[in-house]
Amino acid sequence: MTGTAAHPARGPGDRLTGLFWRRPKLLTALLIAPPLLWLGVVYVGSLVALLIQSFYSIDRFSGIVVKEFTLRTYAELLIPSNFDVIVRTVTMAAAVTLASVVVAFPVAFFAARHAKGRWKAVFYLGIMLPLWSSYLVKVYAWKLILAKEGIVTWAAEGIGAGNLLNAVLALPVIGGNSLSTSYIGTFLVFLYVWLPYMILPMQASLERVPTSMLEASADLGAGGWRTFRSVILPLALPGVIAGSIFTFSLTLGDYIIPQIIGSSRFFIGQTVYSLQGTAGNIPLAAAFAVVPIAIMLVYLTVARKMGAFDAL
Amino acid sequence: MTPAVEFQSVSRHFGTVKAVDRVDLAIAEGAFFAMLGPSGSGKTTCLRLISGFEMPSAGTVRIFGEDMGAVPPNRRHVNTVFQDYALFPHMSVRDNVGYGLMVRGVDRRARRAKAEEMLALVKLDGFGDRKPAQLSGGQRQRVALARALVNEPRVLLLDEPLGALDLKLREAMQDELKSLQQRLGITFVFVTHDQGEALSMADRVAVFNEGRVAQVGTPAEIYERPATRFVADFVGSSNVLPPEITAAVGGPRAWASLRPEAIRIASEGRLRGIVTGARYLGAGTRIEVSAGALPRTPGYLPQDEGGIAVLVPAGRAVPAVGSEVALDWDEGALHLMEGA
Numbered sequence: 001m002t003g004t005a006a007h008p009a010r011g012p013g014d015r016l017t018g019l020f021w022r023r024p025k026l027l028t029a030l031l032i033a034p035p036l037l038w039l040g041v042v043y044v045g046s047l048v049a050l051l052i053q054s055f056y057s058i059d060r061f062s063g064i065v066v067k068e069f070t071l072r073t074y075a076e077l078l079i080p081s082n083f084d085v086i087v088r089t090v091t092m093a094a095a096v097t098l099a100s101v102v103v104a105f106p107v108a109f110f111a112a113r114h115a116k117g118r119w120k121a122v123f124y125l126g127i128m129l130p131l132w133s134s135y136l137v138k139v140y141a142w143k144l145i146l147a148k149e150g151i152v153t154w155a156a157e158g159i160g161a162g163n164l165l166n167a168v169l170a171l172p173v174i175g176g177n178s179l180s181t182s183y184i185g186t187f188l189v190f191l192y193v194w195l196p197y198m199i200l201p202m203q204a205s206l207e208r209v210p211t212s213m214l215e216a217s218a219d220l221g222a223g224g225w226r227t228f229r230s231v232i233l234p235l236a237l238p239g240v241i242a243g244s245i246f247t248f249s250l251t252l253g254d255y256i257i258p259q260i261i262g263s264s265r266f267f268i269g270q271t272v273y274s275l276q277g278t279a280g281n282i283p284l285a286a287a288f289a290v291v292p293i294a295i296m297l298v299y300l301t302v303a304r305k306m307g308a309f310d311a312l
Numbered sequence: 001m002t003p004a005v006e007f008q009s010v011s012r013h014f015g016t017v018k019a020v021d022r023v024d025l026a027i028a029e030g031a032f033f034a035m036l037g038p039s040g041s042g043k044t045t046c047l048r049l050i051s052g053f054e055m056p057s058a059g060t061v062r063i064f065g066e067d068m069g070a071v072p073p074n075r076r077h078v079n080t081v082f083q084d085y086a087l088f089p090h091m092s093v094r095d096n097v098g099y100g101l102m103v104r105g106v107d108r109r110a111r112r113a114k115a116e117e118m119l120a121l122v123k124l125d126g127f128g129d130r131k132p133a134q135l136s137g138g139q140r141q142r143v144a145l146a147r148a149l150v151n152e153p154r155v156l157l158l159d160e161p162l163g164a165l166d167l168k169l170r171e172a173m174q175d176e177l178k179s180l181q182q183r184l185g186i187t188f189v190f191v192t193h194d195q196g197e198a199l200s201m202a203d204r205v206a207v208f209n210e211g212r213v214a215q216v217g218t219p220a221e222i223y224e225r226p227a228t229r230f231v232a233d234f235v236g237s238s239n240v241l242p243p244e245i246t247a248a249v250g251g252p253r254a255w256a257s258l259r260p261e262a263i264r265i266a267s268e269g270r271l272r273g274i275v276t277g278a279r280y281l282g283a284g285t286r287i288e289v290s291a292g293a294l295p296r297t298p299g300y301l302p303q304d305e306g307g308i309a310v311l312v313p314a315g316r317a318v319p320a321v322g323s324e325v326a327l328d329w330d331e332g333a334l335h336l337m338e339g340a
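These protein sequences, in sequence, are chains A and B. Be aware that the first sequence starts at 1, since it is given in my numbering, and climbs by one per residue. Be aware that the second sequence starts at 1, since it is given in my numbering, and climbs by one per residue.
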């Protein structure tokens, strides 16, 4: 008999393949090292730096950062004017998130369960297309749409709903001079800008619910509403939570939309921006920046406790 | 007596595909009824027409005499064991079983008691707190069964109920399903592509082919007296004899079926041929007899017509491949069929 049981290595490529075959973990390590360095050092590192800064304070007279550990800066967050900013931002983020869930669900459900082939492509294009254009362009476009001379007012008057619009704008707190200078306006633009981030994960999770699951529910006597509550929603919940993480945290951190559209009252993002810039109060800016992080951690913990990730 | 399920000239078309084509069917109350056929033969669509997940394009589906035309699935007194079981992954086994009761507004305590009772029925006592993901395939199947039976359906539908189980478990479940059905007296309708399963469990079988019912009968009728070539071919491993061979062995010029186990190897026989292959099956050996290079002589298997399968029971001498044998069978073993 001639011949061997194995081919000889044909070059460095073969030898490298052999090395990875003998040590599979080596390949994994090589692949994840660069992103790990990036995320670990640059991202987590700066986050830690931020956290440390928030425990410093600022000398009121000299304006110099005092590098001593103190909780005084955090206490400053509780001053009414600062605390209002937090409440305002969190309320807005919660409202935007809830509205996104309601608006996104039918779209995601249709895309996941009914759209096929060409319609699916139309769906993805429709959702993604707004993401391809500049965020600023969209926000300014909305400013025009919502302005007093804009198309919404014009249309409302055209169909005889001008009084209704005025009544809505006359509401305390959320109302204002026009839609573009009220919280309603800010809310609408946030909702529009972040909606794709809710639809996409929702659609992905709805797509993973097998049709037989819905049929089983109907088979066992459940009507549409019961199936929605007991089967579809719990199974789609991981997607809803994933989407809400996006809409909630993006709203918490945004400082451009409320600056362009809405009343002139500050949101967290704007406060951080002005504190680290003109005011030069880095510790307070850092403390403000920690607030959304803390809120998200609490939110995720509660979601986990409620079993939102059980179906994963 | 009103049949439990009745199809009156029911069709279901998907575009130009006739998944179910003018099917008439009556399933008696208390029957263990099998819908047997290859994939795409329309059997599953028929099951879904009973459960209500498909609407007939034409014809009427009746359950206990009632026209189901306008009755949605959730209002039909019928429950299904799904092929993939479709257990709710976010609910415990107990909540899965109690789901139908919850929907009907049964209170928690009664639900729990009933669910436990059902779990005991399918021999899963003590599994109530687990999640479906923590169960084996066979256990999940039992949960699916319990979840359907807890609603006391008048007809239980089973879609390839044993398809995902391994052989040993499948045989055990076959016996269990059969005895469960006899104990409960509920009409069972099950879909399968496994002819062994259909013959061993059901007391009536409908054989589907291309959207139509090819034959309905008891397992013995289906197996011993197949109505068409398709049935003979699909159910069991009968020899389907073309008219030429039937004529060559003394019958009329018609299609006929001849079961391998009805054929004996003899010294003198109705037909002679060459053994061209043998497959050991444990309980016997299945040999293939064909004309081989034999001359075209009366009494020999004709050329170009394929072979005849013969089952040699274990213990009998198996002729060697290449040897010439004579085949014989009893007069009644040759069963003539319709042209198709």
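To be clear, the hints were calculated from the coordinates, so they are not data collected in a lab. Don't take each hint at face value.
For lysine-lysine, the following BS3-like pairs were computed, each having C-alpha atoms within a straight-line distance of at most 25 angstroms [said to hold, decoys possible]:
id, chain 1, residue 1, chain 2, residue 2
1, B, Lys114, B, Lys131
2, A, Lys148, A, Lys138
3, A, Lys305, B, Lys178
4, B, Lys114, B, Lys18
5, B, Lys123, B, Lys178
6, B, Lys178, A, Lys116
Here chain B is said to cover these stretches of chain A; the calculated rule only asks that three of the stretch's residues, wherever they fall, bring their Cβ under 8 angstroms from a Cβ of chain B [said to hold, decoys possible]:
id, region
7, 29–39
8, 65–71
The structure presented is a predicted model; accordingly, all values stated were derived computationally and were not measured. Quick reminder that beta carbons are idealized off the backbone N, C-alpha and C, glycines included.
Comparing the hints with the structure gives:
Our distance criterion of 25 angstroms between C-alpha atoms is met by B/Lys114 and B/Lys131, whose separation comes to about 18 angstroms. In summary, the hint linking A/Lys148 to A/Lys138 is supported, as the alpha carbons are separated by about 18 angstroms, within the 25 angstroms threshold. Simply put, A/Lys305 and B/Lys178 have alpha-carbon atoms about 44 angstroms apart, too far for the 25 angstroms limit, and the pair is violated. Distance restraint check for B/Lys114 and B/Lys18: the Cα-Cα separation of roughly 42 angstroms exceeds the 25 angstroms cut-off, and the hinted pair is therefore not satisfied.
A threshold of 25 angstroms between alpha carbons decides the hint, and for B/Lys123 with B/Lys178 the separation of about 15 angstroms falls inside it, so the pair holds. Simply put, B/Lys178 and A/Lys116 have alpha-carbon atoms about 41 angstroms apart, too far for the 25 angstroms limit, and the pair is violated. Here the region 29–39 of chain A counts 0 residues with a CB under 8 angstroms from a CB of chain B, which misses the bar of 3, and the coverage is violated. With 0 residues having a Cβ less than 8 angstroms from any Cβ of chain B, the region 65–71 of chain A misses the three-residue criterion, and the hint is violated.
The structure shown violates the earlier hints numbered 3, 4, 6, 7 and 8.
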